[in-house]
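Visitor: From first to last, the protein sequence lines stand for chains A and B.
First residue of the first sequence? That's 1 in the working numbering, and the numbers climb one at a time after it.
First residue of the second sequence? That's 1 in the working numbering, and the numbers climb one at a time after it.
Don't take each hint at face value.
Here are the simulated distance ranges between beta carbons [stated by the list, open to error]:
(1) A:Lys-3 / B:Asn-76: 13 to 21 Å
(2) B:Asn-20 / A:Thr-33: 36 to 44 Å
(3) B:Leu-81 / A:Lys-3: 43 to 51 Å
(4) B:Lys-66 / A:Asn-31: 46 to 54 Å
(5) B:Lys-16 / A:Asn-31: 22 to 30 Å
(6) A:Asp-126 / B:Gln-107: 22 to 30 Å
(7) A:Asn-31 / B:Ala-13: 16 to 24 Å
(8) A:Thr-115 / B:Asp-108: 36 to 44 Å
Don't read these hints as lab results, they were simulated from the structure.
Ideal Cβ positions, reconstructed from N, Cα and C, are used throughout, including at glycine.
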Amino acid sequence: MTKKLLKKILLAEDEPDIRAIAKIGLEVIGNFTVLFCESGQETLLKVEEFNPDLIVLDVMMPGLDGIQTYKALREKPTFANTPIIFMTAKIQPDEIKQYLTMGAIGVINKPFDPTKLAETMLNMWDKSENAEYFQSNEGKT
Amino acid sequence: MSTNQTIEQKIQAVKKNYLNTLPQKISAIQQDWSILQSNWSENIFKDFHLKIHNIVGTGATFGFPKLSEAAKELQNAIDLLIPNKEANAMEKKQIQLLLDNLVKVSQDCESELK
Chain A
1 MTKKLLKKIL LAEDEPDIRA IAKIGLEVIG NFTVLFCESG QETLLKVEEF
51 NPDLIVLDVM MPGLDGIQTY KALREKPTFA NTPIIFMTAK IQPDEIKQYL
101 TMGAIGVINK PFDPTKLAET MLNMWDKSEN AEYFQSNEGK T
Chain B
1 MSTNQTIEQK IQAVKKNYLN TLPQKISAIQ QDWSILQSNW SENIFKDFHL
51 KIHNIVGTGA TFGFPKLSEA AKELQNAIDL LIPNKEANAM EKKQIQLLLD
101 NLVKVSQDCE SELK
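Here chain A stands alone, though its shape is the one from the complex (with noise of 0.2 Å):
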C-alpha cells in the first residue's frame, strides 16, 4: 500500500497578499496545483468540482470562518474525511489541541516562512491518518 500522493490543494484566505505568496509557495516552490477561494462560502461553491486531496482553511475570515467552513465540509459526505489544515495568526496551544481535536491534521501559524510552505504543508499530509492510500499494481501480473 502506498500513501496517495499529494496533488491538489484548495486553500482558502481572505486575504490576497496571503493568497499571492502562498501562491508561489504552493505552486512555485511545491508544484501543487491550488485552488485558491476568498471565503468559506467560495469553498463550499467550488470544492466538489475541483475534489482536492487537502483542504486548508484561514480561521478568520469575514462570512463563514474557517471553522464554520470546516464543520459545512464535514457533513459533505465526500469531504468527511478529507485532511484539512487550518491557518492562523491568533495562535494558542488551546486552540492547537482544539482544532486537532475536531479532527485538523495540522495547524500552520502565520507569519510563515513561504519558501517553507510547502514541506510543512506535506509534512503534515505524510503524518496524516486520513490521506488515502491507493493499492500499488508492483508485482501484479
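Place chain B on chain A using the hints.
Guide: For chain B alone, coordinates are given in the frame of chain A:
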C-alpha cells in the same frame, strides 16, 4: 536564470506590492479607529479587528517581523475588550498608543522601498 533566482524575484515582487499597499491598509485601520472613537459600532469594531489581525499574519510573512509584532500587541489589547461594549477612556488611550506604534513601524517598513 536559475529557478531559485526566479522564485526570489517572484517573492520580491509580492513583497514590493505588499509594501506599496501597506499605507492604505494602515490608513483603513486608522479610519476605523477614528469612527470607533466617536461612534462605537460592533461591525466597525469587527472590521478593525480583522484588519489588524491580517497585518499580524502578513507582516513577518513578507519579511517584516516588527510589523507583525506591533500589530500583535495591538490585537492583544483589543482582545481584552469586552465584546459589544465600547472601550473606556483608559482602554482607548492604550489602543491609540499601540496604533501610533503600528503606524510608526509601518512607515519604517515603507522606507525600505525608498
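Visitor: Next step is simple, just say for each hint if it's right about the structure.
Guide: Do the hints match the structure? See the list:
1. A:Lys-3 / B:Asn-76: 13 to 21 Å: violated, 40 Å
2. B:Asn-20 / A:Thr-33: 36 to 44 Å: Violated, at about 29 Å.
3. B:Leu-81 / A:Lys-3: 43 to 51 Å: The hinted range 43 to 51 Å holds for Leu-81 (chain B) and Lys-3 (chain A), with Cβ atoms some 46 Å apart.
4. B:Lys-66 / A:Asn-31: 46 to 54 Å: Violated - the Cβ-Cβ distance for Lys-66 (chain B) and Asn-31 (chain A), about 33 Å, lies outside 46 to 54 Å.
5. B:Lys-16 / A:Asn-31: 22 to 30 Å: Cβ of Lys-16 (chain B) to Cβ of Asn-31 (chain A): about 25 Å, so the range 22 to 30 Å holds.
6. A:Asp-126 / B:Gln-107: 22 to 30 Å: The hinted range 22 to 30 Å is violated for Asp-126 (chain A) and Gln-107 (chain B), with Cβ atoms some 43 Å apart.
7. A:Asn-31 / B:Ala-13: 16 to 24 Å: This hint holds: roughly 20 Å between Cβ atoms.
8. A:Thr-115 / B:Asp-108: 36 to 44 Å: violated, 24 Å
Checked against the numbered hints given earlier, this structure breaks hints 1, 2, 4, 6 and 8; the rest are met.
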